[in-house]
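Produce the complete structure using the sequences and hints provided.
Number of protein chains: 2
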Amino acid sequence: MITNSPLQTDLYQLTMAAAYWQAATAEQESVFHLFFRRLPFKGGYAIAAGLEPALEWLESFRFGTAELDYLAGLKTKAATPLFKEEFLGYLGDLRLKLDIDAVPEGELVFAHEPVLRVQGPILHAQLAETALLNILNFQTLVATKAARVCHAAARSPVVEFGYRRAQGPDGGYSASRAAWIGGCTGTSNVLAGQRFGIPVLGTHAHSWVMSFDDELEAFERYAEAMPDNSTLLVDTYDTLKGVDHAITVARKLREKGHELNGIRLDSGDLAWLSQQARAKLDAAGFPDVKVVASNDLDEHIIESLRHQGARIDTWGVGTNLVTAADQPALGGVYKLAALRKADGSWQPRIKLSEQTAKSSIPGRLQVRRFESEGMLVGDAIYDVDRSISGEVEIVDPSDPIRRKKIAAGTVYKDVLQPAMKAGARVFAPEPLAAARERCQAALAKLHPGILRLANPHSYPAGLEQGLYQERERLLASFR
Amino acid sequence: MITNSPLQTDLYQLTMAAAYWQAATAEQESVFHLFFRRLPFKGGYAIAAGLEPALEWLESFRFGTAELDYLAGLKTKAATPLFKEEFLGYLGDLRLKLDIDAVPEGELVFAHEPVLRVQGPILHAQLAETALLNILNFQTLVATKAARVCHAAARSPVVEFGYRRAQGPDGGYSASRAAWIGGCTGTSNVLAGQRFGIPVLGTHAHSWVMSFDDELEAFERYAEAMPDNSTLLVDTYDTLKGVDHAITVARKLREKGHELNGIRLDSGDLAWLSQQARAKLDAAGFPDVKVVASNDLDEHIIESLRHQGARIDTWGVGTNLVTAADQPALGGVYKLAALRKADGSWQPRIKLSEQTAKSSIPGRLQVRRFESEGMLVGDAIYDVDRSISGEVEIVDPSDPIRRKKIAAGTVYKDVLQPAMKAGARVFAPEPLAAARERCQAALAKLHPGILRLANPHSYPAGLEQGLYQERERLLASFR
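These protein sequences, in sequence, are chains A and B. Going by the working numbering, the first residue of the first sequence is number 1, and it counts up by one from there. Going by the working numbering, the first residue of the second sequence is number 1001, and it counts up by one from there.
Hint data in this document are derived by calculation from the structure and do not stem from the laboratory. Don't be surprised by glycine CBs; every beta carbon is placed ideally from N, CA and C. There may be inaccurate statements among the hints.
Over 12 Å on every C-beta distance to chain B, these chain A residues come out as not near it, computed from the model [to be verified]:
| no. | residue |
| --- | --- |
| 1 | D93 |
| 2 | R177 |
| 3 | R221 |
| 4 | D228 |
| 5 | D238 |
| 6 | D244 |
| 7 | T323 |
| 8 | E371 |
| 9 | R403 |
| 10 | Q465 |
| 11 | F478 |
If the Cβ cut is set under 10 Å, some of the chain A residues that face chain B in the computed set are [unchecked claim]:
| no. | residue |
| --- | --- |
| 12 | Q28 |
| 13 | L82 |
| 14 | G89 |
| 15 | Y90 |
| 16 | Y237 |
| 17 | L240 |
| 18 | N261 |
Rendered as structure tokens:
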């Protein structure tokens, strides 16, 4: 595992930096947006996450001797040095002087909206690209997945259990963080508990049971060691016999003034087994012993189990959550959108694509989010250098026929908030719980049809009309 | 990003550890195997990877004050301390004393075969479980994916470009490492280049072109800065015009004694565009300028493009490789397989499952790999405490009708190699290139039908007959 390094980047960012430096355009003031073109999981929304670790990376950015020595040793195919010594000297002195405006962690974000607006010297913005994408793409993906899983579980707690199959040590660590922002109740990942204050939870493994000659003995020994914290895994051999053994232990614990926390099911027909287990526990006088279920769960299986009448109190979700298994990458991009001219004004820039919808959005962008009667009614992406007021018309860039008018005077907020000015933080790191609460509050303002897992309503998020026209004009100028 | 910590684990490993300690079974000598039940990607093989970082984690294992203080603060639902002070004292003194036998990195591994055999006090083995799974699952997955992608590309180089969409900082870093073991030629990830000595490669981005008023000017400036290292991205506006601009620059470079390295295509119909680009480059006298292609490639798209006659020299593969997008988790497990009895003999242990094939394999396992005329002919998983000699019969645990006999005297090697004894390394870290070469050598010994991407032949890997019978006997004893 690794600590922050400016070498967390693609080589081409460094060769481009060398070329900007040589072309004397390194200080050219630029604006980039980090955004994605499609909502993940065919869902109706996404939850922004990863800003704080991204800011930490930006703050830590510094080429030390080891990094510069490594770069000095790189050669071209012609065996010439890849980087000039003077350029490496320049890198050694470089501190990133970027302005960052960002969607706060836990906040809703939709397709085409900037998750981040990065403004500053083009060389600086370019050197930050890869790390920003890496951090924000993944955490936004997992926070969104977690929100979906928690939505499927309705009010029941969801515990993230994914570390063992996460994509590397930090894949697990970042995922635990993002999953908590998205609504999970806790994690099994102890490091994430220590570093982020996320509640840590757990039961025991099959190996505990297998290490004794007999399941009942294994349960008794575990309960002796953890009298106030026992959730017994009942499916090592025969699940319903396991429930009986757990009830025997629950009685013994109660005699000593303790209560069994729960049992865990990790295989078989979770709907039927949970009903049987619940009935046994209730009949034995343990209505408060929780039934925890795990085993390759995701939002769709949880929804199905609930529809089947499963009696599951807590859901342990691992692999499918932390790897976002049905879509393991967000596909966020980082596109140049404006350059400052000598006269101080901004010149919009656009990347063409054969599909108009895939072309980038020019300008210096902000997102205005409108609200009516406590519910969100639409987002307008607009250019901060153009005035926007009165009635606002929102145009879907993927389908310009789809438009929505927002009446003048509708309540709104601008979603992107200043996070860094010239490389210095604008605010102190917030507690992670603040991001989690922001997420809950935001989701509560979305129409249930947008929250739906399959074929959700499409939230009206698009370009403010004037920006839409400006983009069309630029696109036409290339044809 | 984070550095190695003993808290990279699931909470239940620590509560089980507390329970083993309290039950006075912490020192019970045990054997666990780390294995997976199905080959990833519906493929015919897997490539083991991740051993070296796993050994580094094991070596670094130590609870410091910060970790112990955190654990001391954890409470049960009844507000009692989760861990006893004496137990935390024990943890503070704990050093892992495990014997590790492992499949070397880059070596082939098949379903049910141990990637790792872990032997030692059960408490130690349990505290290592989560981190070992996390590291080996992911790197084995990506090394296997890389081998598939490189197979699809035949002899053309594949460069791993995935950092920006990898699962977190370390997800990218680990993936670059594993992808190189699996056969990639290089990576765009500069940190992986620095730390592992992997060749770093790159071109430039669309933003470089967009930062100038004109594509030709952008190419010229880049070539001036990188005369011996220019691969020009030609699709920012109009791809074939971009190729013409690149040719103009190639001529200017040649006048100055340099050669253009290549052009890159990142969108559109890569088969057709690569043919057009090749024709233009050849006609202009640049047959050695390479055509690099990228854009959501994977092994299937590469195979299809080659079948379509695409003229692509180098493949840049990102997201689908580093996230192993079609199967983003390997599903490796870590199962108790034997306990040492007071008399020193080993008692096999088994985890049942409703499906026999999902039940674990008891014993202390090794894999014997047989070879005939330079090709691999079969793997027999056997128990090191049972003799195996003469003719060996291999039984597929998923389908016991499928058996293969290996004649007495067939050449073989035992695949698991000692890596740690009582917590100390048996060998010094090997250069990563050694793992990559091992992978190439191993793949060369597989029948082409097993290497095939879709519906490959199934390599005969299964249980040695005596072990198969012993497992059946144990399973029957539970019925």
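Taking the earlier hints as the rules, which of them does this structure contradict? 2, 3, 4, 5, 7, 11, 14, 15 and 17
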